[in-house]
Amino acid sequence: MSAALLLDGGLALLVVAVALRSIAVGPAFAAVVGFVAFGLLLALAWVRLAAVDVALTEAAIGSGVTGAVLIAAAARLRPTEAGSAAERPGPGLRAATAALSVLVSLALAGLVLFPADPAPSLAPDAGAHLAALGVGNPVTAVLLAYRAMDTLLEKVVLLLALLGVWSLAQDTAWGGLPRPQCPSRAEGSLVLLARLLPPVGILVGVYVLWVGAVAPGGAFQGGAILAAMWILAMIAGLLDPPATGRRWVRRAVTVGPAVFMVVGVAGFALPGGFLSYPEGLAKPLIIAVEVVLTLSIAVILGLLVAGPPERKSP
Amino acid sequence: MSLLADVATVLLVVAGAVFFLAGTVGLLRFPDPLSRLHALTKADNLGLGLMVLGLLPQMGGLAAAVKLVAVWLLAQVAGATVTQLIARAVRHGGSGP
Amino acid sequence: MSEFLIAAALFVLAMAALGLVRSLRGPTDADRMMAVQLLGTGGIAALLLLAAGTGMAGIVDTALILALLAAFAGVAFVNSRPRDGAAGDGAAGDGRVGDIGAGNR
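Protein chains in written order, with this note's numbering: chain Y, 1 to 314; chain L, 1 to 97; chain H, 1 to 105.
Just so you know, these hints were derived from the structure itself, not from any lab. Ideal placement from N, C-alpha and C gives every residue a C-beta, glycine not left out.
Simulated restraints on C-beta separations: (1) Ala258/Y / Phe30/L: 48 to 58 Å; (2) Phe30/L / Pro115/Y: 44 to 54 Å; (3) Phe30/L / Val104/Y: 38 to 48 Å; (4) Met56/H / Val291/Y: 24 to 34 Å; (5) Leu108/Y / Met56/H: 21 to 31 Å; (6) Val18/L / Ala73/Y: 36 to 46 Å.
According to the in silico footprint, chain H covers these stretches of chain L (three or more CB under 8 Å from chain H): (7) 2-14; (8) 28-42; (9) 56-70; (10) 79-88.
Over the 12 Å line for every Cβ pair with chain Y, so calculated as not near, a few chain L residues: (11) Val18; (12) Leu21; (13) Ala22; (14) Asn45; (15) Gly49.
Use the sequences and the hints to build the structure in full.
Dropping the structure here:
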């Protein structure tokens, strides 16, 4: 037991230390490196908390897309970094921020240290209805059945984030091409990796999506892996980012939320109302929604990394 | 048979741990980036490789074992590529030996 | 056996965490990437040890994803550096600009 305790304690301390370091460090790049390390440690921490679904998500998104976005951002900020480092918020704002952070931390600590007795939990309820849905993984059941509304809105938020990135484009470039991810010729070993990895990665992504019905995994994790493979091919110069106005791009980013919405509206015909599934059809519908969501998530995440369109497509 | 498998696991995992130790010490103590990179690859290749080898007997079935080997192979490909890329970045960066 | 495997996971993680000191010191961004790379490998090893030690489903899948994406941060890092043409300002600047920034704080 003692090794497990040491592992958990050490992991907790390490997560906090890396987080503090990532905030306190000066240069943006070092902060990003700290954040990538933080994500890795967080994945381990989720595993120790027996939340493997969350660990999978953290691993897929944290060491993939998030790292790529932040490293690219740090590189873009580099020319202006010295100037912005001199700007500091006033003492009032800093004091208010510190007070708010302390308050939130204390509240969270209070909730963890003095939980209500018995602790509120919906876990038994979530487990009780798995058979009716035909889904073996309670987390997938929560995401796509019990709390499907949250998941749907989450995907819409992802879509809005992409629109936010695109809105940085100049009017003349709207619908055009993002800047190529690979500015000049790529290194041989990188090209080799980008040819070798995607077939395996696509397989793993589909596997994670598929296994999500019965075990840890699901649409978001699968989509994040597929996106990472696409980005890798773009960075190696094997693929260019598509013009954001292309019809298949627009369709791919909207098909997931759209199908989810159609299935949800169809639920009005049933007693449960919006987003309820007909008896016996729950599992096929959930899997269908997950498949299209995976596609949309992959394309949206890839385009988020590719950035706003910068020139008109020829 | 199970005892033999356990002994093999312990030996191989300890051997792997030694390479992780060596990798960390090298990363911390070696004087220049390229030497440090060299130390890193020891943990990447041998450390993880020995551990995977050691864990194979503990896996329930063939499928789990194959997955374990796949993890190691993927880590190999990633490690080999990244060390190449970092090494080249160090050389072009002028902060090499 | 499971006790031993968890202890081994603890050791590997401790080693990778010690390696993070290199990301504190730098001095170049490449060194920082190496520390993260070591943490990635250490994390994969720790996950595999935990999977065998605890028998929890899905941990190996997490390790599989980490291994699949292990090269990602490194690739993005190299891609974000100024290319050959801009060697002059990117070259020495890369790691050291950051260090000057850190020194000012």
